[in-house]
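Visitor: Chain by chain, the residues run as shown.
2 protein chains.
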Amino acid sequence: MSNSPFNPPVRTLMGPGPSDVHPRILEAMSRPTIGHLDPKFIEMMDDIKTRLQYAFQTKNAMTMPISAPGSAGMESCFVNLVEPGDKVIVCQNGVFGGRMKENVIRCGATPVMVEDEWGRAVDPDKLRDALKANPDARVVAFVHAETSTGAQSDAETLCRIAREHDCLTIVDAVTSLGGTPVKVDDWGIDAIYSGTQKCLSCAPGLSPVSFSQRALDFVSSRNHPVQSWFLDLNLVMGYWGEGAKRAYHHTAPVNALYGLHEALVMLQEEGLENAWARHRLHHNALKAGLEAMGLSFVVPEDERLPQLNAVTIPEGVDDATVRGRLLNDFNLEIGAGLGALASKVWRIGLMGNACNRRNVLFCLAALESVLSDLKAPIERGVAIDAAMGQYTD
Amino acid sequence: MSNSPFNPPVRTLMGPGPSDVHPRILEAMSRPTIGHLDPKFIEMMDDIKTRLQYAFQTKNAMTMPISAPGSAGMESCFVNLVEPGDKVIVCQNGVFGGRMKENVIRCGATPVMVEDEWGRAVDPDKLRDALKANPDARVVAFVHAETSTGAQSDAETLCRIAREHDCLTIVDAVTSLGGTPVKVDDWGIDAIYSGTQKCLSCAPGLSPVSFSQRALDFVSSRNHPVQSWFLDLNLVMGYWGEGAKRAYHHTAPVNALYGLHEALVMLQEEGLENAWARHRLHHNALKAGLEAMGLSFVVPEDERLPQLNAVTIPEGVDDATVRGRLLNDFNLEIGAGLGALASKVWRIGLMGNACNRRNVLFCLAALESVLSDLKAPIERGVAIDAAMGQYTD
Numbered sequence: 051m052s053n054s055p056f057n058p059p060v061r062t063l064m065g066p067g068p069s070d071v072h073p074r075i076l077e078a079m080s081r082p083t084i085g086h087l088d089p090k091f092i093e094m095m096d097d098i099k100t101r102l103q104y105a106f107q108t109k110n111a112m113t114m115p116i117s118a119p120g121s122a123g124m125e126s127c128f129v130n131l132v133e134p135g136d137k138v139i140v141c142q143n144g145v146f147g148g149r150m151k152e153n154v155i156r157c158g159a160t161p162v163m164v165e166d167e168w169g170r171a172v173d174p175d176k177l178r179d180a181l182k183a184n185p186d187a188r189v190v191a192f193v194h195a196e197t198s199t200g201a202q203s204d205a206e207t208l209c210r211i212a213r214e215h216d217c218l219t220i221v222d223a224v225t226s227l228g229g230t231p232v233k234v235d236d237w238g239i240d241a242i243y244s245g246t247q248k249c250l251s252c253a254p255g256l257s258p259v260s261f262s263q264r265a266l267d268f269v270s271s272r273n274h275p276v277q278s279w280f281l282d283l284n285l286v287m288g289y290w291g292e293g294a295k296r297a298y299h300h301t302a303p304v305n306a307l308y309g310l311h312e313a314l315v316m317l318q319e320e321g322l323e324n325a326w327a328r329h330r331l332h333h334n335a336l337k338a339g340l341e342a343m344g345l346s347f348v349v350p351e352d353e354r355l356p357q358l359n360a361v362t363i364p365e366g367v368d369d370a371t372v373r374g375r376l377l378n379d380f381n382l383e384i385g386a387g388l389g390a391l392a393s394k395v396w397r398i399g400l401m402g403n404a405c406n407r408r409n410v411l412f413c414l415a416a417l418e419s420v421l422s423d424l425k426a427p428i429e430r431g432v433a434i435d436a437a438m439g440q441y442t443d
Numbered sequence: 051m052s053n054s055p056f057n058p059p060v061r062t063l064m065g066p067g068p069s070d071v072h073p074r075i076l077e078a079m080s081r082p083t084i085g086h087l088d089p090k091f092i093e094m095m096d097d098i099k100t101r102l103q104y105a106f107q108t109k110n111a112m113t114m115p116i117s118a119p120g121s122a123g124m125e126s127c128f129v130n131l132v133e134p135g136d137k138v139i140v141c142q143n144g145v146f147g148g149r150m151k152e153n154v155i156r157c158g159a160t161p162v163m164v165e166d167e168w169g170r171a172v173d174p175d176k177l178r179d180a181l182k183a184n185p186d187a188r189v190v191a192f193v194h195a196e197t198s199t200g201a202q203s204d205a206e207t208l209c210r211i212a213r214e215h216d217c218l219t220i221v222d223a224v225t226s227l228g229g230t231p232v233k234v235d236d237w238g239i240d241a242i243y244s245g246t247q248k249c250l251s252c253a254p255g256l257s258p259v260s261f262s263q264r265a266l267d268f269v270s271s272r273n274h275p276v277q278s279w280f281l282d283l284n285l286v287m288g289y290w291g292e293g294a295k296r297a298y299h300h301t302a303p304v305n306a307l308y309g310l311h312e313a314l315v316m317l318q319e320e321g322l323e324n325a326w327a328r329h330r331l332h333h334n335a336l337k338a339g340l341e342a343m344g345l346s347f348v349v350p351e352d353e354r355l356p357q358l359n360a361v362t363i364p365e366g367v368d369d370a371t372v373r374g375r376l377l378n379d380f381n382l383e384i385g386a387g388l389g390a391l392a393s394k395v396w397r398i399g400l401m402g403n404a405c406n407r408r409n410v411l412f413c414l415a416a417l418e419s420v421l422s423d424l425k426a427p428i429e430r431g432v433a434i435d436a437a438m439g440q441y442t443d
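So the protein lines, in turn, are chains Y and S.
All residue numbers for the first sequence refer to our numbering, where the first residue is 51 and numbers rise by one.
All residue numbers for the second sequence refer to our numbering, where the first residue is 51 and numbers rise by one.
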């Protein structure tokens, strides 16, 4: 085995995440490691909590990053809020709703599935019907921003319906946080999880979460212990809780948290509303370009996430060939389809730091070049013009 | 809230971990992020697996880092190898054996505790007796290197006894890997977990694990699904498994893995045996100095870990005052006692990159200065002389 270091290629990351990490965040992660119980580190943890409250638009005291990727953040919500024997309504409109179902089953609970077409938002009426048919349901779970399709659901309405039936809510905001409005308090969300590697422009590995007081009251009065020791909020709260006296739980990923801190500083510098507007602007430009190229979106316009653009692969064009050329010839990563959409769609991300004019134009130019070369019926230049039209309107 | 970046102080980390991270590793973590399904990234994953096999001294195919800290690595071993209703023998001689017990209970299984004094190695005879008294036990779990006390147990003997009774073994090697011999294949360990932030000199956040074929056979034929989706080896294997075709499971912590890769390159450059000898050398120097200062070790000499030195706090000396002065005046972190040993001992780490002559002499000089200032009966200079004697012998 050679002893050579790993020098990664410099890619442009326009898949479903990770997205391009800002150089300031990369640099922050390389600062000297300090102890996870160091008073200076604990100050930084408090600062991260406050900044995450801003990102989630919440006053929830229990707002912090789980020391593991988004799928562990998902699991932290389920293992804490679901008890064996519970009934949980899971709205599924893509891959990640299916993962929620898996989580419910592994908690020893019963999932009641509310199915919507992949590529569509969750239908509130179906949730209403399911709650009427299942008055014993305790929790409602849904994905705000389906990373597998780019569909955005109306989290505010879904949470209101759940609350009318006295259910706690678990919301997947992995792809939405920082890219499109997420308003935990206004919408009355009880448990929410996200990821650092999407619209926060950070490296993957952490999962910001937030829990309402209602959720915490449930956790502290459960009948069964939380099945995960690592994710048991009763213990995690002692470490991430108030004040300087922290109970050791696990060793926090110190340098990854430096990165998240810097990402949150940058979010505050830009301002949440400005970040949302930026994602909308560049989405409009990319959309205009892709449509001018003849590509059609999977998701109807009013249910579409600006930061994740799923488009149908043209007839006769081979998915892997195109993505391979983009990666090898252009160092450009776009995403493949997942699950039922594998080989049928591309997922083009415009997330966080990767959401900028250079990337929009570069992606359109590269895609135009590859598709033309593969003899797809592309009229040259129209995509770039259409995109530029959105910037100059 | 201010928008200032977090500039950590530059500490010398001689607690129970994290230890000083080498500048090469800090730099590696700041390299450009690439996609977690990028072919170049998958090559690096394969390389990490091979290098971890070397670190663990194993041919186990399922050797990889869990994408979360050591406590999640521990949980990955228990949730996969333990089923509801199982009986698990847990040898406890410190804090982390207690955490193993918690894991067993949360898996719906019954722990049978084999208790040893804190600060002593696990007694193989007690394990033998427990196995005779519990012929239905399926798993034996113990801590190879108790981070709470610095005691090292005879993993080879304990595993042999467990195998004679047809039990699978789960071994905590968080503090031992890279600092003292860990021989997974020779010792017949079935499941082992470690951390990156100890003797591998890496930032905290990942947990290297290894599973024997016997363990994997069990996992794939379980009666109940693994209760954790995130840690289910049946799924993790699809992502970290053989070949270029990886099934998406979770988004790997890309930059943290760059750091681990570099740490493993450095381990290979030095050579495992040399790393073990280095830890032994500097331990001998530190020990000579601490004893010359009148401090006594918690653990008997032949059961002592070189990389974690627990010493009794002298009568009349206040724990927090000393650690506070070391941190504030010297930027030196040493560890407090945990659990039953809180306020009674200090834990001085000599792990990985932090295990060097400069740190030994600096720590002794700083401790001598603070203790003298607090009127402890310290003869000046003897500690330094005693330590230097070990280097010049």
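Note that these hints are calculated values from the structure, not bench results.
Ideal Cβ placement from N, Cα and C applies to all residues, glycine included.
Careful: at least some of the hints might be erroneous.
Some chain S residues close to chain Y (C-beta under 8 Å, calculated; not the full set) [as the list claims (entries may be wrong)]: (1) K109; (2) G120; (3) F380; (4) S419; (5) S422; (6) P427; (7) E429.
Calculated pairs, DSBU-like style, for lysine-lysine (alpha carbon to alpha carbon, straight line, at most 35 Å) [to be verified]: (8) S/K151 to S/K90; (9) S/K233 to S/K109; (10) Y/K151 to Y/K176; (11) Y/K90 to S/K182; (12) S/K233 to S/K394; (13) Y/K182 to Y/K137; (14) S/K182 to S/K109; (15) Y/K233 to Y/K151; (16) S/K394 to Y/K394; (17) Y/K425 to Y/K176; (18) S/K233 to S/K137; (19) Y/K151 to S/K137; (20) S/K137 to Y/K137; (21) S/K137 to S/K176; (22) Y/K90 to S/K109; (23) Y/K90 to S/K151; (24) Y/K137 to Y/K233; (25) Y/K137 to S/K109; (26) Y/K137 to Y/K90; (27) S/K233 to Y/K151; (28) Y/K394 to Y/K151; (29) S/K90 to S/K233; (30) S/K109 to S/K176; (31) Y/K394 to Y/K425; (32) Y/K151 to Y/K137; (33) S/K425 to Y/K151; (34) Y/K151 to Y/K90; (35) S/K90 to Y/K425; (36) S/K90 to S/K109; (37) Y/K233 to Y/K425.
Visitor: Each hint needs a verdict: does it hold in this structure or not?
Guide: So, going through the hints one by one against the coordinates:
1. Because the closest C-beta pair between S/K109 and chain Y is about 14 Å apart, greater than 8 Å, the hint is violated.
2. A cut of 8 Å between beta carbons decides the hint on S/G120: the least distance to chain Y is about 7 Å, and the hint holds.
3. Using the Cβ-Cβ criterion of 8 Å, the hint placing S/F380 at the interface with chain Y is not satisfied: the shortest such distance is roughly 13 Å.
4. Residue-level restraint check for S/S419 is violated (minimum Cβ-Cβ distance to chain Y is 21 Å; threshold 8 Å).
5. A least Cβ separation of about 25 Å between S/S422 and chain Y goes past the 8 Å threshold, and the interface hint is therefore violated.
6. Interface hint at S/P427: violated, since its Cβ lies 30 Å from the closest Cβ of chain Y, which is beyond the 8 Å cut-off.
7. Taking 8 Å as the C-beta cut-off, the interface hint given for S/E429 is violated, the closest approach to chain Y being about 30 Å.
8. For the given pair, S/K151 sits about 40 Å from S/K90 by alpha-carbon distance, which is inconsistent with the 35 Å threshold.
9. A hinted pair counts as satisfied when its Cα atoms are at most 35 Å apart, and S/K233 with S/K109 qualifies at roughly 11 Å.
10. Straight-line distance between C-alpha atoms of Y/K151 and Y/K176 comes to about 17 Å, which keeps the hinted pair within the 35 Å bound.
11. Taking the CA atoms of Y/K90 and S/K182, the gap is near 51 Å; set against the 35 Å cutoff, the hint is violated.
12. A distance of roughly 33 Å separates the Cα atoms of S/K233 and S/K394; the hinted pair therefore holds under the 35 Å criterion.
13. Distance hint between Y/K182 and Y/K137 is fulfilled; the C-alpha atoms sit about 13 Å from each other, no more than 35 Å.
14. Taking the CA atoms of S/K182 and S/K109, the gap is near 31 Å; set against the 35 Å cutoff, the hint holds.
15. Taken as a hint, the Y/K233 and Y/K151 pair is honoured in the structure, with Cα atoms around 24 Å apart against an allowance of 35 Å.
16. This hinted pair does not check out: S/K394 and Y/K394 have alpha carbons roughly 64 Å apart, beyond 35 Å.
17. Proximity of Y/K425 to Y/K176 is assessed by CA-CA distance (about 44 Å); at most 35 Å being required, the pair is judged violated.
18. Note on S/K233 and S/K137: the hinted pairing holds, with a Cα-Cα distance of about 26 Å set against a maximum of 35 Å.
19. Our distance criterion of 35 Å between C-alpha atoms is met by Y/K151 and S/K137, whose separation comes to about 29 Å.
20. As the CA atoms of S/K137 and Y/K137 are separated by approximately 30 Å, the hinted pair is consistent with the 35 Å bound.
21. Between S/K137 and S/K176 the CA atoms are separated by roughly 17 Å; this keeps the pair inside 35 Å, and the hint holds.
22. Taking the CA atoms of Y/K90 and S/K109, the gap is about 42 Å. The hint is violated against a cut of 35 Å.
23. At roughly 33 Å between alpha-carbon atoms, Y/K90 and S/K151 fall within 35 Å of each other, so this suggested pair holds.
24. Using a Cα cut-off of 35 Å, the hinted pair Y/K137 and Y/K233 holds, with the two alpha carbons roughly 26 Å apart.
25. For the given pair, Y/K137 sits about 44 Å from S/K109 by alpha-carbon distance, which is inconsistent with the 35 Å threshold.
26. Of the supplied pair hints, the one linking Y/K137 and Y/K90 is violated, its CA atoms being roughly 43 Å apart against a limit of 35 Å.
27. As the CA atoms of S/K233 and Y/K151 are separated by approximately 40 Å, the hinted pair breaks the 35 Å bound.
28. Taking the CA atoms of Y/K394 and Y/K151, the gap is near 24 Å; set against the 35 Å cutoff, the hint holds.
29. The straight-line distance between the Cα atoms of S/K90 and S/K233 is roughly 30 Å, inside the 35 Å bound, and the hint therefore holds.
30. Distance check on the hinted pair: S/K109 and S/K176 sit about 31 Å apart at the alpha-carbon level, within 35 Å; holds.
31. Our distance criterion of 35 Å between C-alpha atoms is met by Y/K394 and Y/K425, whose separation comes to about 19 Å.
32. At most 35 Å may separate the alpha-carbon atoms for a hinted pair to count; Y/K151 and Y/K137 meet this at roughly 11 Å.
33. A distance of roughly 63 Å separates the Cα atoms of S/K425 and Y/K151; the hinted pair therefore is violated under the 35 Å criterion.
34. Under the criterion of a C-alpha separation no larger than 35 Å, the hint pairing Y/K151 with Y/K90 is inconsistent with the structure, at around 40 Å.
35. Between S/K90 and Y/K425 the CA atoms are separated by roughly 29 Å; this keeps the pair inside 35 Å, and the hint holds.
36. Restraint check for S/K90 and S/K109: satisfied, since their Cα atoms lie roughly 23 Å apart, inside the 35 Å limit.
37. For the proposed pair Y/K233 and Y/K425, the alpha carbon gap of about 46 Å is over 35 Å, so the pair is violated.
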